[in-house]
Amino acid sequence: MCWLRSFVSFVVMSFVCVTVVLAPAGAVAPGDVITAANADSVVNQVSPGVLWCIKHGMNLTIGPYKRIVPPKAYVAATEKYAGQVKLGEAGLRLENYVAGMPFPNVDPNDPDLAIKIMWNFQYRPYFTDDYAWRNFAADTGALSKGAGMTVERSYTVRDNGRLFYNGRLYIDPKPELPNPERIRYKELTGPLLSPLDLKGIGLLNYRYIDTNEQDRTWLYTPALRRVRRLSSAQRSDSVFGQDTDTDSYMGYSGNIAWMSWRFLGEKEMLGSFHSQHSPVEFCPGAGDFAFCDVWEPRQTYIMEGISKLPQYAFSKRILYIDKETYSILYMDAYDHAGQLWKMWINQWRTVDRASANPSVTVYPDEQLFNPSFLMADIQLSHATRSWTPTKASSTGEEEFFNVGAEKSGIPESYYEVSHLIEAGR
Amino acid sequence: MTVLRKHLYWSLVVALVGAGTANALPPYGPLQITGNLQSQTLIRHPDIDQYQFIQNRNTLRLRLDYEWLRDGRWLDTFSVPWVRTSHLFLLYRGVYDSAYDIAPGGQLRGILGQPVGRLADIPNGARDGLKFEDKLREAYIDLDLRTLPLSFRLGRQQVVWGETDNFRMLDRANPLDLTWHQTYESWDDLRMPLWMIKGLWRIGNLGPLSDTFVESYWNPGDWAPAKQGFMPNYPWGIPSTSPLNGLVGPAPALYRSLYHGTTLFDQGDYVRDPIENSQVGARVSFIIPQGVQFTLNYFYQRWAGDDGTNYAPVKALTTRAQIKDAAAHQEAPAIFIAPYVHTAGMSVNYSEDDYTQTVYRMETVYDFGVPFSDRAKKAPLISPVRDQIYGVTKRDMWKGMVAFDRPTWIRTLNRTSTFFISGQFFWHYLINRESTFVGNVDPRTPSRDKVREWETVATLIATTFYRGGTVVPFVSCGIDPMNTYNMYIGWTLDYYLTNNLIARVGQNFFLLPGKPPAFESWSIGGFNRGRSESLVRLTYQF
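Taken in sequence, the protein lines are chains A and B. So for the first sequence, numbering that gives the first Met the number 0 puts the first residue at 0; every next one is plus one. So for the second sequence, numbering that gives the first Met the number 0 puts the first residue at 0; every next one is plus one.
So here's chain A without its partners, still in its complex pose (with noise of 0.2 Å):
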């Protein structure tokens, strides 16, 4: 039987990356839509994941390519410092890194392209300091073809944010927070809003600069009324049994070391970074469980990560990573059979501002805001999805990068296990 299944495994990776390679680009043009009736005109420039969501009624407007050019002090960090970095120990490990993109210059034929692409990603640009996704949304529910999404939990959380420790090129002191710990970011998730059963949750945890370093997770239960340890082989589990996993957030969030990458291959596919709704709008009918906005063409590496981790849900992630932002337009992840599972898509939108008169910051340079993203589990047709800001935002500014912990609303002192405990009941 396992011959069989790697047999398998073997014609179906061979089919991908032949696809990748040989598939002709271009097939769409600024002005299409693209609905269930002609998803097969975009089968070799989306993932299946997403196939499978225009399918079941998601829209695509298609945009013309917009350059998306990078922060100025990111580029100058990268300019200063790439030369000096290398990869260290097995290649999980980067030596002399300070600040900005550590391999800015990465080969085809480089033996380590695949990890190499995999630090950029990880030190990708506008996620250098501190970032806040703040009073967000999310519904999750049962897609029935034809009728869109019955939503059966609706969820709102006040917080997610991250504080960098290293790499850090806005707020003082920079590049590195005093830091005897090694850590790369802290994170925080919550507290849940609504609804009732679960409103107080927060989640805390840790990410070290050296990947062999576990993860240092907690969680305050209302239920308990305490900060519980948990195990960072939880991060691949569904969340409240929904379709995310905190692993998947932005499309990877896990730690690169665990899985084993490959370089599949490198493509035009369709990406949505200028998306022109804040807040987001959702596709109407069958489609509503993901967002309807601008489409257009990206060229993107495609990563296949295997876990290395026993406990972890997913045989395989496909990664869809722009090359200009390093960041995901899409994520596939395949079940232990081999059968795609569940797909991660991001909104991405490319602006200086988060809406019209922000009342926090306008940035010198765009920024990638995120109004929403969509996660579906394609084999019980059951989807999960997330916005922010929401039409109750008043100001419509809830997403904050490196503007400072304090001035984002998650000040330093937040990313303790002490505040888990404050902020609980």
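Calculated directly from the structure, the hints in this document are not laboratory data. Note that beta-carbon positions come from the ideal geometry of N, C-alpha and C, so glycine has one too. Take the hints with a grain of salt, since some may be wrong.
What the hints assert, rightly or not - If you want a taste of the chain B side facing chain A, the calculated C-beta under 8 Å gives, among others:
(1) 157
(2) 204
(3) 212
(4) 465
(5) 540
Here the structure of chain A is known, so what remains is to put chain B in place on it, guided by the hints.
Below, chain B without anything else, positioned relative to chain A:
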């Protein structure tokens, strides 16, 4: 008080109307009013052909979260520059249990199967007090200072420390209300919130230690022992009638009260003020570089009597002078006691992710001077409670717990979510136990619990999610290897009919292999003998 209550009712009405208005209050923002309405029905089935309706508890919980101070501005008006944020929290709970009005069924049964009366036997006046509850359970203000790494919580609150799930060890700041159902209620509902001042000092990195903080609380007198009730008034309370029936109470009882006006499980020989009834606790928490999180804890509190210890709540008067003094005041020659106890403790957690993908938890405490009934300390012959209630001897106890939590894929049962499996093992060790110590079930029954040197209990739970998190099964079991392997097995199933409407069904079974039953400390089987029950609960949350 009446005015306050009227205001409360009007607030409730306004809040409910507000909650019922679509989008009247968004789920986020500075002011949030949320809550739930819950109806819970319990059927007791001690045997396959015996059924008894014992509870129909209808509960309203109403919660207000008001972030009235943010960025140093109170109500967006007044500048309070030294405070970063402040938050007002109110939680109201109102209860009506119709079982006291309907009063169905026949005799309730006690621990030895003895009849203990019917719900219909409860006098009408007493029923009103039992069927209604009307409490502002929590009311506190959070203050997070801007210039100092300090925060405070001031008001009526719960303080929960330690690593145990649903057992008491370091979680002892708030005594339990054991007149609520022990098995089917969350401890959030069982703990009695108390007026306290709690402070947390964020230290952060301290040498090689990280995430260091110190937390402490002071309860300036608003403390009461664990609330306990007897049958038939509380069909899920202590499984017997009150041993003080006929002895203490209004005429024709022999005595007006226990000695010095104390009342059983309610009021000891002290005044509830800061001088005589203060309680304090402190802990320091830190993480060592290897990732192990420690807390070191200290408490100086009165003995609440809710951690499973077979302690002595009542002490017989053992001198003739005291007995005569009691008689002169129409008081029984016994006193309810809640002595101060020093407790030192520690908790540890560690996530081992490389090999076992398991979180390990540990907790231990050392109690100094816990009171035990000692048959060697008999009351004099003139005492009417001689050979029923004894004097008290204090002993130290060592208690601990080791536990594991593991998310585990069992793909044959659930392809989409792990099973969260958690096991706990508890022990109590009574240091220098005397063979004359006697347990504390009911002095009138022929069997009394043995006070053992060692008591242990093990628990195991598993839960997972189905259908996008809308179906949540939960199974649990507990076994007491020291007391004839008394066992508890239970399950619940939550089904989210909508985002706001949750149905729960469940059953508990208590299995007692040994005869006669052993009356163990933790209520696994002996204490709850004959209390296997089924539950139906409907919750509407808003």
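Hints not upheld, ascending by number
Nothing - there is no hint that the structure violates, so all of them hold.
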